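A.B. asks: Residue numbers (the numbering used here), protein chains in the order written: chain A, 1 to 439; chain B, 1001 to 1555.
The hints are simulated quantities; they were obtained by calculation from the structure and are not laboratory data. Keep in mind the model is a prediction, meaning the values are calculated, not measured. Backbone N, C-alpha and C define an ideal beta-carbon position, used for all residues, glycine too. Some clues are possibly wrong.
Here are the simulated distance ranges between beta carbons [to be verified]:
{"#": "1", "chain 1": "B", "residue 1": "A1510", "chain 2": "A", "residue 2": "R8", "range": "23 to 31 Å"}
{"#": "2", "chain 1": "B", "residue 1": "G1202", "chain 2": "A", "residue 2": "T235", "range": "58 to 66 Å"}
{"#": "3", "chain 1": "B", "residue 1": "S1406", "chain 2": "A", "residue 2": "G325", "range": "33 to 41 Å"}
{"#": "4", "chain 1": "B", "residue 1": "K1514", "chain 2": "A", "residue 2": "P232", "range": "51 to 59 Å"}
Part of the chain B face toward chain A, derived, beta carbon under 10 Å [what the hints assert, rightly or not]:
{"#": "5", "residue": "E1085"}
{"#": "6", "residue": "R1092"}
{"#": "7", "residue": "T1102"}
{"#": "8", "residue": "H1209"}
{"#": "9", "residue": "A1326"}
{"#": "10", "residue": "V1332"}
{"#": "11", "residue": "E1521"}
{"#": "12", "residue": "L1528"}
{"#": "13", "residue": "E1529"}
{"#": "14", "residue": "V1533"}
If you want the building blocks of each chain, they are given just below.
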Amino acid sequence: MPAAHEERLRRNVACPFCGLACDDLTIVQSAGRLEVEEAGCWLSRKRYAELQSATDAPPIVDGHAAAFDAAVERAAEILAASRAPAFAVAADVAGTRAALRIADRLGAVIDHPGSDALFHNLRILQDAGALTTTLSEARNRADFVLVVGLDPVAAFPRFYERCIDPARTLFAEGALARVLLRLGPPAPQGAGASAQDESTAAADRLFEELPCELDRMPAAIAALRASLNDKPVATPDVPGLDAHRLVDLATRMKAARYALVVWAPAMFEESGAQLVALGLLEVARAVTRTTRCSVLALGGSANLFGVNQVCTWQTGYPLRTSFAGGSPQHDPWRYSARRMYADGECDALVWISAFDATFPVPGGDTPVIVLAPPHAAPARRVQAYLPVGIPGVDHDGQIFRSDGVVALPLRALRDRGLHDVSSLIGRIEARLHARGSAP
Amino acid sequence: MSLLKLTGGRVVDPTNERDGVVADLWIRDGRIVADPGAGARVDRVIDVSDCIVMPGGIDLHSHLAGGKVGLARTLMIDDHREHPETRTEMLRSGSGVTTPSTFTTGYRYARMGYTAAFEPAMLPANARHAHAELADLPMIDKGCYALLGNDDILLDMLARHVSRAQIADYVAWTLRASQSVAIKCVNPGGISAFKFNERALGFDQPSPHYGLTPRRIVSTLARAVGDLGVAHPLHLHCNDLGAPGNVETTLRTIAAVEESRLHLTHLQFHSYGSEGKRGFSSGAARIAEAVNANAGISVDVGQIAFGQTVSASGDTMIQYRNHALARPRKWVCMDIECDAGCGLVPFRYRDRSFVNALQWAIGLELFLLIEDPWRVFLTTDHPNGAPFTAYPHLIRLLMDRSFRESVLATIHRGAAEMSALPGLAREYSLREIAIVTRAGPARSLGLEDRGHLGVGAVADVTVYREQADRQAMFERAEYVFKDGRLVVKDGEVVEVVDGATHVARAPYDAGIEKPLRRHFEDYRTVRLENFVVADDEITGAGGRLIEHASERAGA
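This is chain A alone, in the form it adopts within the complex (with noise of 0.2 Å):
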C-alpha cells in the first residue's frame, strides 16, 4: 500500500538525541514502529528503535501504579510541603520556560541532568571569551582540522559524515582538502573499536595522531602555546610527544587558512577540561592573530544547551542558578541538582529527562518528581511519575544543537495522547494554585 506508506513517511526530521541535531532524517511509520529510513547512525537508529521496545509505564504514586490525577496531586503536595526544590531539566524550549516560571515561583534551584559538561567550558567562556564557529562554517571552510582528546565520533557519529567530509564545499572546486590530525589517547583497534560504529574506522585512517594521554593534555597544550607564541618549546612531560612535533604542529597551524580545533568536554574530567577549555582558546587566539583559528567544543545532547540558553535569558544566568533567595543567583559548584540531591541540600527533587533514558533517576531517599517518557520510565521507587511525551516524537518543539546558534523545528511523529513537559507543569502549577500554596 504505498499510499499509506507514504502517509507515514517524514522528511527532514531533525534528531532530538545528540548535539548535532542532524536534520536530514528519513522517518518512517509502519505498525508503531518508528525507522530511521535514510541519514540516520546507528545512536538515532537505537533511539528511534527503544521507542517501541517498551510497554507503556502508568503514573507512579510512592511506587505504585497510580491514576495520571492522582500523581499530578502528589508531585503538587510535594512541592508544596518543600522549603528547597532543585530542578534537574532536560526538556525542549517551552518546557523549559515552564519549569522555569515554576521554579521561580518555588524558589527552586535549576539545572540540567546533564549539566558537567556544560561547565567544563562555560567558566572560561564567562572569566576569558571565546573563538568560536558553527558546524556549517566548519564544514566549508577548515582547511586544518585538530581533534584534542579522544575521537568525538563515538558520541557524535555523522560529525565527520556532516562537516569534516562533505562531498562538496563553498570555497573549493568539489571538496575542500584537509589536514586531520588528532591530539589523544591512541584510537582503540580491531576488536576494541566500537563495533556499532561504521564511521569511526573511517576517519581513523585520515588522521595523523599525535599521542597524548588525556591527563596530559594540559602540558601538551601549553607547549603547543609557547610555540604558535615563538617561545622557545621544552620537551613537554608528555610521554611519547616529542617537542618537534608540536612546533611541527604550530607552523602548519599557522599557515592554515582556517583551522578547527574540535574537541568535546564532556569526555574530559573536571579539573583537567577547565584547563584544556582555557588552553585551546589561547591556541585559537595565538593563531588568530595572523590567521584564522575557532575551537569547537561538541556536546548538547538532550537539549543541554537549549536549556541553559533559556535558563540564560530569563535570568541572566546560566544553569545551576538558584531563587531561592527571590533573584537568581548562581554558582555553577554549589546549585549542581545532582550534587544538591547527593548531599541532602534539596528537600524535593524534579527530575525531567524528556528526551531518552540516558539519565536515571539517581538514588537517594529524598522525594522525587519524575517526568519521562514511557520507556524511561523509573527503574526505582520514586514519590511521583508522570509520563511525558518525547519532544520531536510525540509533539512539536525546538532544540538547541551542539554549537548553541542553531535551534531546530521538532515535529510530532506520532500521537500517543501524552503530555509534553510544558502542559503538565502547567497541570501541576494548576493544583499548587488550587492548594493555596505558590504559585
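Following the hints, complete the assembly by docking chain B onto the known chain A.
C.D. replies: Leaving out everything else, chain B in the frame of chain A:
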C-alpha cells in the same frame, strides 16, 4: 467594549500636528476613538491634568535577543550579580543592566513609557532562537531585522550577476524565512572577508573570493529593499565602524545609494575624523551636512553614555580589531553558519578618556546638527553605546542646554575643546522628543497605526507627569496603556501583557526555493525546511504576528 477617557492632558502627537494642546483622549477596544459625544457611557475617566500625553515609545534599534545577547550576558556575569531583580506576585525575577534578562527588559521599557522595540541584527540562522527569546520579553511589541550582505548565498548571487529580480526574491524570501520586518547589513562584505582572514575592507576594495566591493553590496541591497516596497529602508551598519577617519567611508556610502533610501544606524560610531594631535576628531558636522542634504537618508545616533557596557555586534572584523580594548579583559568572536558572525567586547566608557569623551560629544553634535527630526531617531545602540535605560538621561541632555554644559564641563578637556558642542544652543522640544522616540520610528518602520494618537491608532499611550527635570520625567511614566490596557501606573508595572511581533511580507517567486534548497543540502548543516521559522513557532508560544504586506515596484 469598555470606554476609557484620559482627560485634561497636554497631547504631544506630532503626526497629527498636536503640540501640547489640552485635549481628551478616548480609548475603546484597544484603539483611539473619536469623542463619542454626550450620553456615551464612560467606564473610566483618568485625570491627566499636568501631564504630557504621547504615543508609546518605539525603539528601532536595540539588541534585545539572540545568540550575541546570550553570549553578552554570559560574559557580563558581574553586571548580573550587581543588579538583581526580585520576583513579586506579578513580576518574574531577573538581573542585569547592560544586558538585562528578558522579563526585566520588558518591564523596564514599559516603565519608561515604551511600547515597542526592535532587534536590529538577527542572523537568519539564529532566527528561531531570537523569536523564542522574544516570546519571553513581555510588555512591548517586537520585530527583528534580518542580516544580509555577508551571507554566502547573496554574495555568490552577486558574484554571478544574477538578475535584480532574483536578488529581490532572495531578500523577500529571507524576510519570510526569518520572520523579519526589515533588512540589516553589517559591515557589508567585511564579516565575510574576515572569515578569509582579511583584517580590513575598503569601500571600493574587492572582497576575497567573491571580488565584491562594499559599494556594490550596499547599493544592491538598498535597491532590493526598495524594489520590494518594504517600509523601512536598508538598515546599514557601515564599514569601518569606530575607525578614526571613517567619516570618508560614511560619506561615500551616502553618495553610493543616491537613488535608494537608506538608514544609517549608530551613526555616531561612523562620524570620526582623523585630525588633531591624537589623530581623532569629530566628523559630525560633515556627516550632518550630508544627511541634511539627502532627504532619502535617515539615521539613528547610537549615543554613548559613560560607564560599563558591552558591545555586541555582528561585525567580527571590527570586534576582533578592538579586542585589546576589552574591559574587563574578555571577548568573543564567532563565525556563524555561512551567514554572518558575532563579536562581544565589554567596554567601559570613561569621561576622562579623550576618545570616549569625544565619542560622547560627537553623538550629541549629530542630534543637534541634523535638522529634520523625522530622519533622526534616539538610540544608544543598546547595549553598545549604553543600555536603553540611559534614554531619559539622553533626553535631558538634548532638552536642557545648561545640563548639557554642566556635563561637558566634567569631561576630558581636550575633547571638550575639540567639540562643536559648546557652541550648539539647540534644545529639543517635547514635540521633537516625541518625533525621535515615537512618531519618526513608527513612520520609518511603516507602523501606520502606531507612533501617533489619531482616531483609529492602536492605543499605545504614555502619560508623563510634567517635570522640569526631563530625566526624572521620562524615567517613570505616570501611566502606560498597551493596546488600550493600563499596564504601568506611577512608574510600576500593574499588568503584564505579551506584545506582538511585526513582520514584513513581500512577494517573491517561490521558484527561488529550488536553488536555495539545493544550496542548503550541498553546503549547510540545516535543511531549508528547518531553516524557515514557521508562523506557529511564534504564535504557539503565545505570540501574535502583525503582518505588513508590501507590493513590488513594477510587479
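A.B. asks: Are there hints from earlier that the structure breaks, and if so, what are their numbers?
C.D. replies: 2
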